[in-house]
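Those protein sequence lines, which keep their order, are chains A and B.
Just so we're aligned: 207 in our numbering is position 207 of the first sequence, and the numbers increase by one with no gaps anywhere.
For any residue, its number in our numbering is found by taking its place in the second sequence, counting from 1, and adding 1000.
Rather than coming from a laboratory, the hints here were simulated on the basis of the structure.
Cβ coordinates follow ideal geometry from the N, Cα and C atoms, glycine included.
Treat the hints with caution; some may be incorrect.
Claimed, not checked - Negatives, chain A to chain B, calculated, CB over 10 Å:
no., residue
1, GLN7
2, ILE21
3, ILE67
4, TYR74
5, VAL79
6, LYS82
7, ILE87
8, ILE115
9, PRO137
10, GLU157
11, MET167
12, VAL191
Said to hold, decoys possible - Here are the in silico distance ranges between beta carbons for each label pair:
no., chain 1, residue 1, chain 2, residue 2, range
13, A, LEU179, B, ILE1004, 36 to 42 Å
14, A, GLN4, B, PHE1062, 26 to 32 Å
15, B, LEU1032, A, PHE204, 54 to 60 Å
16, B, GLN1179, A, GLY80, 43 to 49 Å
17, B, SER1088, A, PHE204, 55 to 61 Å
18, A, THR126, B, GLY1018, 57 to 63 Å
19, B, THR1130, A, GLN129, 37 to 43 Å
20, A, TYR133, B, GLU1182, 56 to 62 Å
21, B, LYS1009, A, ILE81, 21 to 27 Å
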Amino acid sequence: MDIQILQEYLPLFGEAALLTIVLGTAGIAISVVIGLICSLVQYYRIPVARQIVRIYIEISRNTPLLIQLFFIYYGLPKVGIKTDPAICGIAGLAFLGGSYMAEAFRSGLDAVDKIHAESAKSLGLTGTQTFFYVILPQAVATSIPPFTANVIFLMKETSVFSAVSLMDLMFTAKDLIGLYYNTTESLFLLVVLYLIILLPISLFGTFLEHKLGNNSVRQSRKTTVKRQVSENARKEVVPDVGN
Amino acid sequence: MWGIEVIFKGKNFLRLLGGLGTALQISLAAVLISIPLGILLGVLMAGKNPVIKAILRVYLDFIRIMPQLVLLFLVFFGTTKVWGWDLSGEVSSVIVFSMWGSAEMSDLVRGSLAAIPKHQYESAQSLGFTPWQTKIYIIIPQTIRRLIPLSINLITRMIKTTSLVLMIGVVEVLKVAQQIIEANRMTAPDAAFGVYLFVFVLYFAACFIPSLLARHLERKWS
């Protein structure tokens, strides 16, 4: 490995990493919004919209991002929908992420026992109050582990953006390898920069999970019913994690 | 209309299916390697040896945190540079997906083992089961029930991930689709829409069927 080459390449990779972070964050932010809407539609069982959401989730979860991007970037312009690469990347990530986020939030909402909503109603809380003061705080706690897993997963998925000619980390690495054959240095920087982006999110996720995990154990000791509920919630959460 | 006719022209339909076949073969090979390997690693991770656990943790976390495409690049370009190996795209992708699959599988195994309540072990002991009998008659059957739906999910994830092999030059569905679109550039300039839509549907079918099966088993057994 040549230090001089590393120094020379670092700014290029830094720029690419910035693009990865910006596009990833934008895509994830939009997918959180989509996910929230979809999970609420499913939670409140809104007719018609619920079926549409169901179909969307199945389509988006059962196709790879690369195929979605190819369709958006190369297919859609032929029927008159033209987008530039950055918007296409964000749209693809949001389309994919929306369904994963929806599942994460839905598992959180479903984990809140129906009795809480009923009790709130009997205490005279309105629907909105019940949602914001009773259901949401509890749902957020259960949603956090799958949520952070999804954030990491979506950040990882941005690596296919190079297919739609976005100059992200993968693109830069491939380009430099092709141009100068400094494979070792390029791959080293590629790995290091991805670690810099992903490791903090992962560590923060583990930290939160530990914190919440301890809490739920403490709570579950109180009653067996509670334990059953949180176990169900955990079971629900496991298969939804990752791609 | 939008290149739908291009799909059924000549051997194009069969070529696209063949491309999907290549992708499925790669994922099948990777799954066959990663399930036993993942079970072994998962059991080791659930074990008590702290040194093995620490080493495995770093390795598995590294594999799981890196985008699969980065791993593909590391194996495909890296091994050529460092050791002078001339791995084909197919071989590198099987290696990478086996490494990634076994890391994911080991996590599922570890999770399923951890999910078995302690009283199962204690009850078995109080009934006079030896540790081996406890494992064979009590722990393993329960773990397998939890694991099967999760492993099927892993298979669908594997199929989705195989779409990445395009980036290291393996001729699979997307590559075939590109070739077909290029070949019909003059006669059907709008073919990209229809052909990519078709590829989309192909991948959806390949992933949706196993995930339905996984969901069915999950409901039945939980």
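Looking back at the numbered hints, which does the structure fail to meet, lowest number first?
-> 3, 4, 5, 10, 12, 15, 16, 17, 19
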